[in-house]
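Number of protein chains: 2
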Amino acid sequence: MKYVNFEDTGDTISDEFFMKEALKEAHKALAGDEVPIGAVIVHGGRIIGRGHNLTERLNDVTAHAEMQAFTAAANYIGGKYLVGCTLYVTVEPCVMCAGAAYWTQISRIVFGAKDPKRGFSLFGSGLLHPKTTVINGILGEECAALVTSFFRNKRTE
Amino acid sequence: MKYVNFEDTGDTISDEFFMKEALKEAHKALAGDEVPIGAVIVHGGRIIGRGHNLTERLNDVTAHAEMQAFTAAANYIGGKYLVGCTLYVTVEPCVMCAGAAYWTQISRIVFGAKDPKRGFSLFGSGLLHPKTTVINGILGEECAALVTSFFRNKRTE
Numbered sequence: 038m039k040y041v042n043f044e045d046t047g048d049t050i051s052d053e054f055f056m057k058e059a060l061k062e063a064h065k066a067l068a069g070d071e072v073p074i075g076a077v078i079v080h081g082g083r084i085i086g087r088g089h090n091l092t093e094r095l096n097d098v099t100a101h102a103e104m105q106a107f108t109a110a111a112n113y114i115g116g117k118y119l120v121g122c123t124l125y126v127t128v129e130p131c132v133m134c135a136g137a138a139y140w141t142q143i144s145r146i147v148f149g150a151k152d153p154k155r156g157f158s159l160f161g162s163g164l165l166h167p168k169t170t171v172i173n174g175i176l177g178e179e180c181a182a183l184v185t186s187f188f189r190n191k192r193t194e
Numbered sequence: 038m039k040y041v042n043f044e045d046t047g048d049t050i051s052d053e054f055f056m057k058e059a060l061k062e063a064h065k066a067l068a069g070d071e072v073p074i075g076a077v078i079v080h081g082g083r084i085i086g087r088g089h090n091l092t093e094r095l096n097d098v099t100a101h102a103e104m105q106a107f108t109a110a111a112n113y114i115g116g117k118y119l120v121g122c123t124l125y126v127t128v129e130p131c132v133m134c135a136g137a138a139y140w141t142q143i144s145r146i147v148f149g150a151k152d153p154k155r156g157f158s159l160f161g162s163g164l165l166h167p168k169t170t171v172i173n174g175i176l177g178e179e180c181a182a183l184v185t186s187f188f189r190n191k192r193t194e
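Chains A and B, in that order, are what the protein sequence lines are. Under my numbering, the first residue of the first sequence carries the number 38, and numbering increases by one thereafter. Under my numbering, the first residue of the second sequence carries the number 38, and numbering increases by one thereafter.
Quick caveat, the hints were computed from the structure, so don't treat them as lab data. The beta carbon of each residue, even a glycine, is placed where N, CA and C say it ideally should be. Any given hint might turn out to be false.
[What the hints assert, rightly or not] Okay, derived cross-link-like pairs now, DSBU-like style, lysine-lysine, Cα gap no bigger than 30 Å in a straight line: (1) B:LYS61 with A:LYS168; (2) B:LYS168 with B:LYS57; (3) A:LYS168 with A:LYS57; (4) B:LYS154 with A:LYS151; (5) B:LYS154 with A:LYS168; (6) A:LYS191 with B:LYS191; (7) B:LYS154 with A:LYS154; (8) A:LYS151 with B:LYS168; (9) A:LYS154 with B:LYS65; (10) A:LYS154 with A:LYS61; (11) B:LYS151 with B:LYS191; (12) A:LYS168 with B:LYS168; (13) A:LYS151 with A:LYS61; (14) A:LYS65 with A:LYS191; (15) A:LYS191 with A:LYS154; (16) B:LYS65 with B:LYS191; (17) B:LYS154 with B:LYS57; (18) B:LYS61 with B:LYS191; (19) A:LYS57 with A:LYS151; (20) B:LYS191 with B:LYS168; (21) A:LYS154 with A:LYS65; (22) A:LYS57 with A:LYS154; (23) B:LYS151 with A:LYS154; (24) B:LYS65 with B:LYS151; (25) A:LYS168 with A:LYS151.
[To be verified] Some chain A residues close to chain B (C-beta under 10 Å, calculated; not the full set): (26) ILE84; (27) LEU95; (28) ASP97; (29) ALA137; (30) TRP140; (31) GLN142.
Bound-form chain A, shown alone (with noise of 0.2 Å):
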C-alpha cells in the first residue's frame, strides 16, 4: 500500500482508498453494459473529476472513464492543466488516453491492471508528459478480474 501526502491538507489518504473510488465508477459501466473501467481525478487530498466509460451508450469511441474524468477536473478547475493531480483509473490507460494525459501535464498516474493489447506502456514511456509519474498494480487483481469476467459473459451470452 502506497500513502500519498498531500502538502496543502496535511492528510495521509492511500492510494487504494482512491483506487477503490475508480472501482466505484468502474461498476457504473458495468452496470450499463459498458466495459468496466473507472477513473476518478484527486487533487489535494480530494475527488476532483470522476468518469467512466460510456463507448457504448455514447457510441462514441473517445468516451473512455479517462476522457471523461479529464474533462470534468478541468471543467472543475476551471484550466485545462491537471498539474499536482493524480489520475487513478481501474485500467492502464490507452494511447489515445496517454495521449491526453500528456496535454493535461498531469503529475502522476496510478492504474490497477495492466493492458497487455493496448496499454501505452506497450509503446514506451514516450507517449507520457515527461513530468508524469506512473505507479501500477494498485489493487491490480480486482481491476482485471471485473474486466476479465465481463468479457467472459459476453462469450457466453
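For this one, chain A is given, so just place chain B on it according to the hints.
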C-alpha cells in the same frame, strides 16, 4: 493532387477539395483565437463530421479538431466505427488523436502539415490501426503557414 474514387457514388473528388473544407474549420478556430487546426470526416464523398480546435474555449485538452470530428461522425452514423471513412486534418494528429483514430478503425487519414513536436508518426506506425492508410502533404504549406503565423502573432502580442 490525389483523387479518390467513391464506389457508392461514382464521384471522383480530390483530397484537396476536402482539405480545403478542413482548412475552413481551421479558420473557425483561428477566429476564436484557438490554435488553427481543422478536420472533416468523409464517407462516400460526403462530409459526415466536422471539427475545429476548441481547447481554449472549452478549457479541455481533449477538444482537438479530430476528436470532435470523430464524435460528430459517429453521431451521424449512429455507430462508433468509421470503417470506409477518411479523416482530413490540417495538421498531423497527435498521440491522443491517433489513439482515438485506432479505436474508430478509420480507413484513411489525410493530413496537411507534419507536427515535428507531437505528431503521432514520431512514435512509429503502431499507434494507428493496421488497416488505416495515411497520406500527408495535401495543401501542407497552407496548413502549416496558418499555424506558424498564429504562433508568430502570439509571440508579438
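Holds or violated: GLN142 of chain A as interface residue toward chain B, Cβ cutoff 10 Å?
-> 9 Å, holds
Straight-line Cα separation of LYS65 of chain A and LYS191 of chain A no greater than 30 Å?
-> Holds, at roughly 17 Å.
Do the alpha carbons of LYS57 of chain A and LYS154 of chain A lie within 30 Å of each other, as the hint requires?
-> At roughly 24 Å apart (the allowed maximum being 30 Å), LYS154 of chain A and LYS57 of chain A satisfy the hint.
Are the Cα atoms of LYS65 of chain B and LYS151 of chain B separated by 30 Å or less?
-> 20 Å, holds
Report holds or violated for the interface hint on TRP140 of chain A, using the least CB-CB distance to chain B and a cut-off of 10 Å.
-> 4 Å, holds
Agreement of LYS61 of chain B and LYS191 of chain B with the hint, judged by alpha carbon distance not exceeding 30 Å | 21 Å, holds
Holds or violated: LYS191 of chain A with LYS191 of chain B, Cα cutoff 30 Å?
-> Cα-Cα ~52 Å, so violated.
Hey, LYS154 of chain A versus LYS61 of chain A, does the alpha-carbon distance stay inside 30 Å?
-> 24 Å, holds
For the pair we were handed, LYS65 of chain B and LYS191 of chain B, check the Cα-Cα distance against 30 Å.
-> Given pair LYS65 of chain B, LYS191 of chain B holds - Cα atoms ~17 Å apart, limit 30 Å.
Restraint check for LYS151 of chain A with LYS61 of chain A, where alpha carbons must lie at most 30 Å apart | 18 Å, holds
Within a Cα-Cα threshold of 30 Å, do LYS154 of chain A and LYS65 of chain B meet the stated pairing?
-> 38 Å, violated
With a cut-off of 10 Å, does the beta carbon of ILE84 of chain A approach a beta carbon of chain B closely enough for the hint to hold?
-> With Cβ-Cβ at 18 Å, over 10 Å, it is violated.
Taken one by one, the earlier hints fail for this structure at numbers 1, 6, 9, 12, 20 and 26, listed in ascending order.
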